[in-house]
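Numbering-wise, the sequence shown is residues 1 to 612 according to this note's numbering.
The set of hints was computed from the structure by calculation and includes no laboratory data. Don't take every hint at face value.
[To be verified] Taking lysine-lysine and the BS3-like style, the derived pairs with C-alpha atoms no more than 25 Å apart in a straight line are: (1) K249 x K347; (2) K368 x K311; (3) K311 x K338.
[As the list claims (entries may be wrong)] With beta-carbon atoms standing in for the labels, derived distance ranges: (4) H21 x P70: 30 to 38 Å; (5) M504 x E156: 55 to 63 Å; (6) G557 x G301: 33 to 41 Å; (7) S25 x S580: 56 to 64 Å; (8) P314 x A108: 47 to 55 Å; (9) P70 x A478: 23 to 31 Å; (10) K249 x K456: 41 to 49 Å.
Built from N, CA and C at the ideal position, the CB exists for glycine as well.
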Amino acid sequence: MTRCIHCTRCVRVLSEIAGTHEFGSMDRGDRHVIGTYIGKHVESELSGNIIDVCPVGALTNKPFRFRARPWELVARRSFGYHDALGSNLWLHLKNGEILRTVPRENDAINENWLSDRDRYSHAGLLADDRLKVPMLREGGTWRQASWGEALSRTAELLKAQSGDDLGVLVHPATSNEEGSLLSALAEGLGCGNLDHRLALNDLADAPAATPFQMPLAEIENADVIVLVGCNPRHEAPLLAHRIRKAQTKQAAKVVAINPIDFDLNFELAAKLIVKPLELVDTMLGIAKDSVADGAANADSGASANVAAWLKAGPRAVIIMGEVAVTHPQASWLRRAAKAIAQATGAKVNELPVGANAIGLVQAGVLPKSRDAKAMLEQGRQAYVLYGIEPEQDFADPPAALSALSKAKAVVAFTAFADATTRELAQVMLPIGVLPEVDGSLTNVDGVTQTQAGSAKLPGDARAGWRVLRALGEQLGVAGFDFVEIAQWRERSVVAPAPQAGSGMAARIEAGNGLQCVATRAIYAVDAVVRRAEPLQKHPLNRGARIYLNPDDAQARGLEAGKIARIDNGQGKAALAVEVSERVPRGVVWIEKGHAATTPVAGTGLNLTVTGV
């Protein structure tokens, strides 16, 4: 910090923008320093922005430091693909390798800020297990193959198990172009089993991601914001920034209805921390109060107060997050949110799970027959996995792995040769990741953003759309005779908006065990992020552990740091214990995305937790 001129820009960014108050100005005179408070360190998910605002280079990008001179870099336009906001950014490359990522100004999306997840994720592109050549399984071993041989084998497998015997599962961050090609390919094979909603537990009402009713940029002007099953700091950090602006600058009333008292970076007017199964009753209570006459008063219950605030606020919004969208009774929560909105005039924003869930809906990556859950529960003879890590990307990993292991054929279009894919697949085809290929994503506002491939593809990897084009041509599917992606864009059309379903999941009764809240860890949202070393070293990456209420821990003879055994009836795990008042009694909290939590990563409702 010898260059520091004590301008305190970094202090202000962490306090005013990030809302974490982790930097301060200490001492006086020649002992005056800028640093963290005693016993603390920077944990903000927006910490990298202090690099951008430092006027003298006292704060630098550690992974990039000494790797290149600024004039050696080439800047390319791109956008984030780890949440559905699509933050605009610049990729700085040298010899085809991304060395640095910095924000690109876009007032409607990310202003001039960038989350650490988008800033440092490029480090995961060149992980040790990156798949660089097509691979074929022969017997129990893998061998390298040419593209021609690999595509011929793939075509043989798909022809042998086409139609209803085939299931096509697509990662929700897949580009629009790849999504529409997969839809056309499935149709050409007579397959109606196509889905991208891998993380959803309740598909009874045929949910489909839609753009925000209140645009992202307008959230900062909201009067009332109700968060339902949402931890915006981890799910979409710059959405949390917009909510913070509404609360600090507009004095908005922010309400959190969550099963965990998440560490938020803005003040709450009220919070209702309830067990997972009580979320539905809480929302139904607010819906009932929303249609009741009269206003709330000092003696009114919490739900009546929330209903009254929603009625009084001319700019009110209900934001449904990951916990709500992936809830085993999500159809009830969606129905309740719509009823509240209809009664109060509030908007409903459902935060998609996956960077391009909205775009894939428009590309037609939805089932005409079986959805993702049904494909895995009922089993198919063959599966196509597109951009998926089977151990991490499904709502119920043990059930998914069981179904895939019983299939006669599994074809994986993947950027990484993880151990589980190597165990399950017969063919692995290396495809590029968004910064390396041409493609477009559609964000929460329904805005489609397009970028040209910037980084060099490793080895013999190919852009996914090129692989799909060649495969479709080999299978004789009509329309796959184009050469450039622009030609396909001209041919593809937006799929008709799917009809909202009227089905409802059966109500679930609580058992005698603990109820589990399983959320995606902030730096485990996809395969690239899970391999980005700077993010895996980030303080917010807590690792695999189980969070318990102090009373529940004491009743089981557990304390912080000890190992607990968890059994949800489908899988078992041994995890380190973290004791926290943020977890209500009768609830355990687990972060998904870690190998150790995979066996119990489903939203279990009757867990047994014991000491080792």
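Going down the list of hints, with the structure as the test:
Between K249 and K347, the direct Cα distance comes to roughly 20 Å. Compliance with the 25 Å bound is thereby established for this hinted pair. At most 25 Å may separate the alpha-carbon atoms for a hinted pair to count; K368 and K311 exceed this at roughly 39 Å. Simply put, K311 and K338 have alpha-carbon atoms about 14 Å apart, close enough for the 25 Å limit, and the pair holds. A C-beta distance of roughly 32 Å is found between H21 and P70, which places it inside the suggested range of 30 to 38 Å.
The given range of 55 to 63 Å is broken by M504 and E156, whose C-beta atoms sit roughly 43 Å from each other. The hint said 33 to 41 Å for the Cβ distance between G557 and G301, and at roughly 37 Å that hint holds. Take S25 and S580: their Cβ atoms lie about 31 Å apart, and the range 56 to 64 Å is violated. Taking 47 to 55 Å as the suggested C-beta distance range, the pair P314 and A108 does not conform, at roughly 22 Å.
In this structure the supplied range 23 to 31 Å is violated for P70 paired with A478, their Cβ-Cβ distance being about 49 Å. For K249 and K456, the hinted distance range of 41 to 49 Å is satisfied, since their beta carbons lie about 43 Å from each other.
Hints 2, 5, 7, 8 and 9 from the earlier list are contradicted by this structure; the remaining hints agree with it.
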